[in-house]
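Protein chains: 2
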Amino acid sequence: MSSATPKTTAADITQATLRSFAQTPEPRTRRLLEAAVKHLHAFATEVNLTTNELIRLAEILTAAGKISDASRHEFLLISDIMGLTMVVDYNTNQKPEGAFESSVLGPFYRADAPWIEPGGDICRQENAGTSTLVSGRILSTEGTPINGAVLDIWQVPANGMYENTDPTQVEFNCRGRLKAAEDGAYRFWTVKPVPYPIPKDGPAGLILDSAERHNMRAAHIHVIVEAPGYEKVISELFVKGDLYIDSDAVFGVKESLIAEFVLHESTADAAAYGRPTPFYTVNYDFVLASGQAREEIMFSAGRA
Amino acid sequence: MSSATPKTTAADITQATLRSFAQTPEPRTRRLLEAAVKHLHAFATEVNLTTNELIRLAEILTAAGKISDASRHEFLLISDIMGLTMVVDYNTNQKPEGAFESSVLGPFYRADAPWIEPGGDICRQENAGTSTLVSGRILSTEGTPINGAVLDIWQVPANGMYENTDPTQVEFNCRGRLKAAEDGAYRFWTVKPVPYPIPKDGPAGLILDSAERHNMRAAHIHVIVEAPGYEKVISELFVKGDLYIDSDAVFGVKESLIAEFVLHESTADAAAYGRPTPFYTVNYDFVLASGQAREEIMFSAGRA
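So the sequence lines, in the order shown, correspond to chains A and B. According to this note's numbering, the residues represented by the first sequence are 1 to 304, in order. According to this note's numbering, the residues represented by the second sequence are 1 to 304, in order.
Where hints are given, some of them may not hold.
Which copy is meant is left open, so a pair is good if it fits within one copy or across any two.
[To be verified] Each computed DSS-like pair below joins lysine-lysine, with the alpha-carbon atoms no more than 27 angstroms apart:
| no. | residue 1 | residue 2 |
| --- | --- | --- |
| 1 | Lys66 | Lys200 |
| 2 | Lys240 | Lys7 |
| 3 | Lys232 | Lys179 |
| 4 | Lys95 | Lys240 |
| 5 | Lys232 | Lys7 |
FYI, nobody ran anything at the bench for these hints, they're computed from the structure.
Extracted from the complex, chain A is given alone in its bound form (with noise of 0.2 angstroms):
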């Protein structure tokens, strides 16, 4: 009222906000809820944001939730381009030396995939790509054989688009659910994936328009590994080589998770694995933590 009143500051608003939520009565709410004020605070005021790139930033978040449907989640695909998947999978999944690490489910996961028998093939069409062998074996991190692991995997094939984003596919083409034997070995058939770009018509796409960064993600075999009194894994083997193995979109590339993919092309090998050539195989063993997932990821909640 007069000019002698103290001038509000930054961080009088910050702890002003930061006392309204102070009587937040579920813990893991108010710590939420206090961190996010905390960091927005701090964001706006490092960059010294504008009132103009805040309602700029109103209006990209609008667009984000307006293009978004039951198969379209454009605040997780934002999220994933920006890393914070990977963080948040880093965090939620943390794995003890040398178990097989997570990467992000992404956004094309079906429950339900049909079972296959062990050698069986996953891609239920032809001309879906280049025949690949997947074999290992699921180890615990002693390195003794898992009993009763479950693999749950899906992919692209040549076309990169998964059959539920394509009509002329067969259902659950390239999905594939198989048990592991009773020595933790298993194989399966699929074919070599391709990387295949993630949707840029939305803000994700204006946000790596504006970075000059590409929309592609490495290619990827998606798979869950689960066995009884061991930790569910969800994760990506990726192949080494790839066009984007340094670059992926999501980020979703570890160390741990590039297999080589190793190409056959003799008759010999033709005759030894049944299979006209070329074709690949990929040995790679999934190495389990004992205990139980930090989480059950609730597929339906956000997720097709």
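Model the placement of chain B on the given structure of chain A, informed by the hints.
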């Protein structure tokens, strides 16, 4: 690939993400993106955000986008109740000691309100509330009168609804522009503003409810003051003693913006002011800093 491969850490992910934005050509965009990465990752790590919490956050933000339209700006509302809008306002509009401080514009501004004569009334309808005469001077920070100042005023009448959200009110009720006199003096009649609720049926309401916070704004008169050669100020005047003066839902109250509403009930005062009692008077001087506004708010961009 082998057990000896080093594990990827959260810091690795942050560094990879920052590298991906390092080629952003526009410097301001680069700074905003890099700071956003840093603070998003720091937030997630500090609270150990889980994948399910990230999915839940994405759902809430999607709902905010879905509920937004040309006159409902849920992300700005969320920014308001998180104190972010006021921090941004502070960063953008710092004023020298003693100058009229800024506050939130709010979503209900309408450009081109009708001009009123000095001493005129901006409320154009019966029963708008208890009459209030607001008067004072427009001064420089040196205390000299400013010639050529313009005030743009808007507020709610006694029913707590802005005219453009209430079909029972006449157009531009309780909105008006006026010119101050050459000696900087201004005066206009309005009504005493009342507290009113901000929308609670969207994600902002969810946040308020989860914190057991109310959704009331402290009663206020919106005011924009501008004069050639001086910084334009977007602000609000608050009512001393208002029920919500210490808990405004959007943190808009600053000590220097609280004005005393003096109640007049005597027949002598009725005669002196030419108004039936009861009525209020408010005396408030607007002190402007010389210069230009730091930025022109893009009203059309995301605001009604």
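Violated constraints from the hint list, given by number and in increasing order: Hint check: nothing fails, all pass.
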